[in-house]
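Protein chains in written order, with my numbering: chain A, 1 to 355; chain B, 1 to 355.
The hints are simulated quantities; they were obtained by calculation from the structure and are not laboratory data.
Treat the hints with care, since some could be wrong.
Note that identical chains are pooled: a pair holds if it fits in a single copy or bridges any two copies.
[Said to hold, decoys possible] Using 30 Å as the maximum straight-line C-alpha spacing, the simulated DSS-like pairs for lysine-lysine come out as follows: (1) Lys317 / Lys9; (2) Lys149 / Lys10; (3) Lys9 / Lys149; (4) Lys330 / Lys353; (5) Lys9 / Lys234; (6) Lys9 / Lys63; (7) Lys10 / Lys63; (8) Lys330 / Lys266; (9) Lys319 / Lys63; (10) Lys317 / Lys63; (11) Lys9 / Lys330.
Note that the coordinates shown come from a computational prediction; the quantities given were computed from them, not determined experimentally.
Number of protein chains: 2
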Amino acid sequence: MYYERENIKKMQGYVSGEQPEGRNTIKLNTNENPYPPAPDIQDVIANFSSESLRRYPPARADKFRELAASLHEVERSNIIATRGGDELLRLLITTFVNPGEAIGMTSPTYSLYPVLAQIQDCPSVMIPLNDDWSLPSNFTQQINEANCKLTFLVNPHAPSGKLVDTDTLTTIASELNSVLLIDEAYVDFVDADYDSMPLVRDNDNVIILRTLSKGYSLAGLRFGYGIGPEELIKPMMDKTRDSYNLDLIGQQIAETAISNRDYAMKNCHRVAGERNKLSESFLELGLTSEESQTNFLLVTVPVEFTFTAKQLYEELKAKGILVRYFADEKVADKLRISIGLPQENKKLVDTIKSL
Amino acid sequence: MYYERENIKKMQGYVSGEQPEGRNTIKLNTNENPYPPAPDIQDVIANFSSESLRRYPPARADKFRELAASLHEVERSNIIATRGGDELLRLLITTFVNPGEAIGMTSPTYSLYPVLAQIQDCPSVMIPLNDDWSLPSNFTQQINEANCKLTFLVNPHAPSGKLVDTDTLTTIASELNSVLLIDEAYVDFVDADYDSMPLVRDNDNVIILRTLSKGYSLAGLRFGYGIGPEELIKPMMDKTRDSYNLDLIGQQIAETAISNRDYAMKNCHRVAGERNKLSESFLELGLTSEESQTNFLLVTVPVEFTFTAKQLYEELKAKGILVRYFADEKVADKLRISIGLPQENKKLVDTIKSL
Numbered sequence: 001m002y003y004e005r006e007n008i009k010k011m012q013g014y015v016s017g018e019q020p021e022g023r024n025t026i027k028l029n030t031n032e033n034p035y036p037p038a039p040d041i042q043d044v045i046a047n048f049s050s051e052s053l054r055r056y057p058p059a060r061a062d063k064f065r066e067l068a069a070s071l072h073e074v075e076r077s078n079i080i081a082t083r084g085g086d087e088l089l090r091l092l093i094t095t096f097v098n099p100g101e102a103i104g105m106t107s108p109t110y111s112l113y114p115v116l117a118q119i120q121d122c123p124s125v126m127i128p129l130n131d132d133w134s135l136p137s138n139f140t141q142q143i144n145e146a147n148c149k150l151t152f153l154v155n156p157h158a159p160s161g162k163l164v165d166t167d168t169l170t171t172i173a174s175e176l177n178s179v180l181l182i183d184e185a186y187v188d189f190v191d192a193d194y195d196s197m198p199l200v201r202d203n204d205n206v207i208i209l210r211t212l213s214k215g216y217s218l219a220g221l222r223f224g225y226g227i228g229p230e231e232l233i234k235p236m237m238d239k240t241r242d243s244y245n246l247d248l249i250g251q252q253i254a255e256t257a258i259s260n261r262d263y264a265m266k267n268c269h270r271v272a273g274e275r276n277k278l279s280e281s282f283l284e285l286g287l288t289s290e291e292s293q294t295n296f297l298l299v300t301v302p303v304e305f306t307f308t309a310k311q312l313y314e315e316l317k318a319k320g321i322l323v324r325y326f327a328d329e330k331v332a333d334k335l336r337i338s339i340g341l342p343q344e345n346k347k348l349v350d351t352i353k354s355l
Numbered sequence: 001m002y003y004e005r006e007n008i009k010k011m012q013g014y015v016s017g018e019q020p021e022g023r024n025t026i027k028l029n030t031n032e033n034p035y036p037p038a039p040d041i042q043d044v045i046a047n048f049s050s051e052s053l054r055r056y057p058p059a060r061a062d063k064f065r066e067l068a069a070s071l072h073e074v075e076r077s078n079i080i081a082t083r084g085g086d087e088l089l090r091l092l093i094t095t096f097v098n099p100g101e102a103i104g105m106t107s108p109t110y111s112l113y114p115v116l117a118q119i120q121d122c123p124s125v126m127i128p129l130n131d132d133w134s135l136p137s138n139f140t141q142q143i144n145e146a147n148c149k150l151t152f153l154v155n156p157h158a159p160s161g162k163l164v165d166t167d168t169l170t171t172i173a174s175e176l177n178s179v180l181l182i183d184e185a186y187v188d189f190v191d192a193d194y195d196s197m198p199l200v201r202d203n204d205n206v207i208i209l210r211t212l213s214k215g216y217s218l219a220g221l222r223f224g225y226g227i228g229p230e231e232l233i234k235p236m237m238d239k240t241r242d243s244y245n246l247d248l249i250g251q252q253i254a255e256t257a258i259s260n261r262d263y264a265m266k267n268c269h270r271v272a273g274e275r276n277k278l279s280e281s282f283l284e285l286g287l288t289s290e291e292s293q294t295n296f297l298l299v300t301v302p303v304e305f306t307f308t309a310k311q312l313y314e315e316l317k318a319k320g321i322l323v324r325y326f327a328d329e330k331v332a333d334k335l336r337i338s339i340g341l342p343q344e345n346k347k348l349v350d351t352i353k354s355l
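In isolation and in its complexed conformation, chain A is listed as follows:
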């Protein structure tokens, strides 16, 4: 015990959503995509020879990087492939933030950010969002005054689902003195007009995070990537990344997924449609939700409702429906509910009605 570093001893680890063993649970708690990944992926797996695992995999995942570069109209040198988005977040801290230097983020935000900051022994500067989940007008000023070296912005925002528009992002990027990571884990579900790629081209401090977990229905694969200027991508590629960070079968599946982007986007579009429908059904039940551009809804359980948010979470769980409840004060009266298949969403609404 006495070997552990002080900052590690003091910190709490990240707590991920429940993953029930059984198949009968309706699982709306970890923002997984309800639709399967592209059918070509099954073919890739079926044709995969286990003997090819004998050798080390391509160390830099160049084939995937080429495909991603082509999709986003950048160069391969602007892409880094990572084990889920998580690895990219960790690499950004390792590469650009010395222990003791501050990392900026909003409050609330993706709860992994402050955990990763603590591992590097970095303080998290958490700027509270306005009541409507928008960024305070002096956001960049506060981040700069705290001397942050890196700023994490999840967009669309978790857990609210709100999208920051590209004009606002452009201003933030140009004003910030730090590297800006725009975490677009949920971007594939955006149905508003949004394109952040010009930000990468026009700034030397912007990296965009993408993941195959949500939009491509591949949470089990652990595959993501970053898009950014070569000056920021290169040290992570050449120095701080674990050598051979991506296995062979994972690389082949990821290549196939991104080559079948249209298939995935069709499913994302269906999810977005269901999201807007579900939001209306909730309203009929007396539950308001934030306008979301993601595959989840942050639902407020008003005081006049039969149950508190926590009670509703527990009642649903008892009926085999898992949603996410956060104890955090700002969202203690809310539930984060992932969008499921139409029949799952209907079951959810019917179940709440019946309680």
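Fit chain B to the known structure of chain A by using the hints.
Here is chain B on its own, set in the frame of chain A:
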């Protein structure tokens, strides 16, 4: 560029062995196993449903951990499953060594260790081995005097192949003031009497690293694990590890591999036999090699030989045979040659003869 940390800017990244695209190269440069992984793995892949990738994988790889615990007769809490051995090495540094604190190792050793130390901004204390590759008698004293918080010992040693016996390890573990990582990447090829498990049971500072890359013919999978006291394993499991560090298909393949240990060990035994034979063939060519307990030989090219080590590396490469040459002074007259299939080893010997 100006965003990079000073220690990252200054350092060189790890350079992995060449991975030629073509299939015709005889690849004896990265210590891959020449035999395929267990046939059951092909079945697991064939029966894997891509739809199951839609969900997050088991976050803690508990099924694999149970199997490894059972194999080594320890508890699940004594096992951490990682993305290759590399992730375990990184986690040990992140968890137990503050930036600026020293990390002990031998010189030479696995060249990744000092790279990982630099990423954490830690000095590497490199204790030169004796000329016969044995540890100097005051090894632990030197490590302790340098206040190392963590010591990396690869055993059997790379690049010499030499095994440190368990009595010596026992003394080292009890004398060291730091965490001791025994990197057993090559242990499956040991044909001497060797069992380091009592070290984990009897000391609070010893962690053993195992990998499926070499012994189980799964370098392309990126799967390894650590065995150690719960007090050392737990903070890596709960705090510093990337959440969901292992993908679903990888976990299933690893479970199958370790369940088919006998199959893998039979191949390792064959490799060890070939190693001993190859060593004799080299001797007939005038090339001496260190006594190895691994799946490679460190071969000395004597001054009276037709070529220098570097020339021989290049001559072989021109003939489609890749071996490893290190520029490092201590091994500049040597080549590290992985053991291939019998016909590959024969081709290597015949080619050297013909030069």
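Now for the hints, and whether the structure bears them out:
| no. | hint | in the structure |
| --- | --- | --- |
| 1 | Lys317 / Lys9 | neither (33 Å within a copy, 50 Å between copies) |
| 2 | Lys149 / Lys10 | both (23 Å within a copy, 19 Å between copies) |
| 3 | Lys9 / Lys149 | both (24 Å within a copy, 16 Å between copies) |
| 4 | Lys330 / Lys353 | within (26 Å within a copy, 76 Å between copies) |
| 5 | Lys9 / Lys234 | between (32 Å within a copy, 11 Å between copies) |
| 6 | Lys9 / Lys63 | between (40 Å within a copy, 27 Å between copies) |
| 7 | Lys10 / Lys63 | between (41 Å within a copy, 29 Å between copies) |
| 8 | Lys330 / Lys266 | neither (34 Å within a copy, 59 Å between copies) |
| 9 | Lys319 / Lys63 | between (45 Å within a copy, 28 Å between copies) |
| 10 | Lys317 / Lys63 | between (43 Å within a copy, 25 Å between copies) |
| 11 | Lys9 / Lys330 | within (27 Å within a copy, 40 Å between copies) |
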